[in-house]
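There are 2 protein chains.
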Amino acid sequence: MRNCEGKSSMFQVFFPSILKFVIIACLTLIFPAPTLSLQSAINVWPKPILLLWPKPLATFLSPNFTISSPNHQYLIPAINRYLRLIQTEHHNPLVTPSVNISTSSPPLQTLTINIIDLTAPLQHGVNETYALSISEVGATAYLTAATTWGAMRGLETFSQLVWGDPSAVPVGLYVWDAPLFAHRGVMLDTSRNYYGVDDILRTIEAMSANKLNVFHWHITDSHSFPLMVPSEPELGAKGSYGPDMIYFPSDVAKIVQFGLEHGVRVLPEIDSPGHTGSWAEAYPEIVACANMFWWPAGSQGDDRLASEPGTGHLNPLNPKTYQVLKNVIRDVAMLFPEPFYHGGADEIIPGCWKADPTIQTFLFDGGTLSQLLETFVNSTLPYILSLNRTVVYWEDVLLDENIKIDPSFLPREHTILQTWNNGSNNTKKIVEAGYRAIVSSSEFYYLDCGHGNFLGNDSQYDQQTTANSGNGGSWCGPFKTWQTIYNYDITYGLSEDDAKLVLGGEVALWSEQADPTVVDARIWPRTSAMAETLWSGNRDETGKKRYAEATDRLNEWRYRMVSRGIKAEPIQPLWCVKNPGMCNTVNPF
Amino acid sequence: MRNCEGKSSMFQVFFPSILKFVIIACLTLIFPAPTLSLQSAINVWPKPILLLWPKPLATFLSPNFTISSPNHQYLIPAINRYLRLIQTEHHNPLVTPSVNISTSSPPLQTLTINIIDLTAPLQHGVNETYALSISEVGATAYLTAATTWGAMRGLETFSQLVWGDPSAVPVGLYVWDAPLFAHRGVMLDTSRNYYGVDDILRTIEAMSANKLNVFHWHITDSHSFPLMVPSEPELGAKGSYGPDMIYFPSDVAKIVQFGLEHGVRVLPEIDSPGHTGSWAEAYPEIVACANMFWWPAGSQGDDRLASEPGTGHLNPLNPKTYQVLKNVIRDVAMLFPEPFYHGGADEIIPGCWKADPTIQTFLFDGGTLSQLLETFVNSTLPYILSLNRTVVYWEDVLLDENIKIDPSFLPREHTILQTWNNGSNNTKKIVEAGYRAIVSSSEFYYLDCGHGNFLGNDSQYDQQTTANSGNGGSWCGPFKTWQTIYNYDITYGLSEDDAKLVLGGEVALWSEQADPTVVDARIWPRTSAMAETLWSGNRDETGKKRYAEATDRLNEWRYRMVSRGIKAEPIQPLWCVKNPGMCNTVNPF
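Residue numbers (our numbering), protein chains in the order written: chain F, 1416 to 2004; chain X, 1416 to 2004.
Just so you know, these hints were derived from the structure itself, not from any lab.
In this text, all values refer to a predicted model and were calculated from it rather than measured experimentally.
Virtual Cβ for every residue (Gly too), placed ideally from N, Cα, C.
To give an idea of the interface, some chain X residues facing chain F are shown, with a C-beta separation under 10 Å as derived from the structure:
1) Ser1714
2) Phe1859
3) Gln1878
4) Gly1888
5) Tyr1903
6) Ser1926
7) Glu1927
8) Arg1937
9) Asn1970
10) Ala1983
11) Gln1987
All chains should be modelled from the sequences, with the hints used to inform the complete structure.
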């Protein structure tokens, strides 16, 4: 069972008056029977840490239902949005709730929001705790939250508790809730294929509904540079896929604002020095190996110029590289208030730098490729810090086999590493080196895997007697199912202390084979699986993985997301949803 | 190179006056250079058998462009549709066509359609040959077709030749075209999850654009019975997922009519005697093992009651089974004019029939399960034939390891078998037994594979140190990429004579994890890959697989489908599309 003791002491800070309730709550976790009725009735995804609803009673929502709250520039739009949703959604659960309308409860008139700290900004580690109570006798529900952002989480929970036409809402219900991990994100690559602003906003909205809080925007890469950087307008003008496929500052402002109104941070990534082929459209002189065929004829894999088609690395020896890059960093810091700045720094391919004449001279004179990367980091990281940002890099700067830098160049207090290789092994290496980690293991959290390779002449698919076995040509295949994502424990194998350095996780959608036509279905509902695991875990009260029980709840939530306009893919036949338990097996596979 | 001799003699029957042209065409295949210019200019998918366009010249489409044709109830709607499309599409190719507007050619005023046999109905083997010519000097293009249905293929080709704003169209262009295989289909399962009529119509429209001609509608299964059968209304009323998830006769009529106007046959499948759990909602007495847990506790896989959750087989020993089923067959034959009737007959699971008391007695008295299936087939197949239908069954009736019937019960002249197991091996078994085959190999043509298992408590996904290897829990994983589908030769390993018994192929979308949210992206553009392979093959003039060259063309076609409203998934970064050849590799994987 969960550590209620720790939670209650933390809780006491904010809500001493209801400490008693928390103790009751802990007891109820030990005797969880009464709460189970909710599962066959009304579903909240991700499952709250603590939800008490001893009697399955509900009341109607008053036609004049309102939400009252303190004034806050980002909370008020959220409230207006939720009020509209609550009044109009009339969610029709797939399995009819076994709930009785209480004859003694008045219609619910008001949800009153109290916020302990109205000034806390949306940033890493902000307190998202909230408590929600809907009593049997009053006509008012209370949402008490540590911060504005916790209030948004509570509003989402409240919205999911409302169903039917006329709208009903449980009474005698108490929720106490807070996330297990502070960093819960989605990474979207908008360089390989472009996404409209609407696609991004819809994704952020769905993230908010799943209580996720970081939209990691992998804006640029070798394939296109779809950002209009005011100080370097040529980069977007020449490096984007076209004038209709650029994010202008006004678009960024809209996305950032939308994020704030949804409690979702917008964390920009300008990947460099690798993954920068598109920069060469404007500045060919600062990009090594640009516009070359990625895999020279006759060479082996180690001599490739890029990890995939689309070559180009910034040249660390050219002073102009830093002139352009610092302009970009400064403008991006201006456009994105988020205190984290993602610098990329993944997949430096030896062959690319080696193809550049100036670098060849440097190497001939005894320099190494790792020194080049150190030069690059040392010429940019201090500048990023000077803008009051924490730097996030992909793990490669520390863990790459060939080209990596000495940890002394990476101050632990200002550097976070995002892991994507070797599952829990690399997470362990990062935290054991004293760095904070964000987990995006490609074996568990890469949403693009399992759709084959995108190379035009990939002859492995030309088989007649058997189809492709194994991963089907996808380097990170197979497809990561929602169960794979749900079951992954991002602190697996870590000591308690080391685990504290794991800030959270992000699923990643790389866009070689994704674009707006499929973005919803690639991300949802699989990302909902991560959202629950990072919010309240993937285990039941007895410590067992709860994926079987989660299936029915995720089904219900997936259908609700679809009705809210997110084209999440189905996980089962509708028959399974309507016949709970019948799509299990008694024999584990 | 293709057998132009055979084609020309066939062609002579219809178009003796242009035999000379065909000879020129054959010569041009030997010297194919002039036609290559089209590939960098205007793309037709599937690639026509023969396309001549020696000079990359074009003219504008007259604002008053019209299409003239003989009168035909299904052709006229098609013409109206194509005229609207041609006038309004203004397709903007991803790679700017290297085409010159001819200064000597007048704007194209008219496409004149001639049809040799205006009475040929849409059925298997109907002649789909067409020839299209757009001369440099006239203002009229000519489309000559063997039948109405061939004319629809030619209209599609013409529509794909038009691009730009103002609309341009090639001149000095000649196409001769006819399919390699007569049966080119998509199977959609509307039982496990429901699809709206609009989803089906959109799928048929996209099929027509890809010159596919059979919509195999797997209407019913164990999970739901979404069809209102006039003589047996209880089946749909009780067996569907709900009143808003039933196809009424008016819906079927609309779909059939839409198919006729698009040259797409609508082939109904009422799967029986297996896959009939949903029938038990109306008639529990005719269904063995209905509504049971599919895998009894403690039993092994062989003792399962169903191949997946959702149990129920029609009971061949109950006379009422045939009373109900014959009503269904008769009504379905009435609703669907298509001369093929698909009876299903796949996956008879021993455990299900064995669970039924009357069958237990039959077995105790010395009967066998195969005899039960023979009884079933012998009680239904003659009735289907009496309705002037050819029966299609899944291969299982002949090839299942446990329960199969003697070929004497399956008249070869009236029975077609659809293969789905063991790749080309089973195709071979079917045709060597003298049956005609439709190829839907699950190793190549199953569109649903690679998205994991849908069982709620599938513990194989609970791994921490490595992700699921291999097929990722999907029985038929990995995901079948478009290249896998494109490269499969459905007559692989067959003698020339045996190959003639292969009518064609069908991709199949089983809907355990698909529904309207993902149907477009699951089907397209992978089905386009099959469409080209079955229409004009997957090899170039030298006999080499043309998948690399096809990549750029499929990309272009995929984007055109998206602009036509089909949410086909992307196969590459847009960068690859804009940089042809750069996403190849010199080293085969």
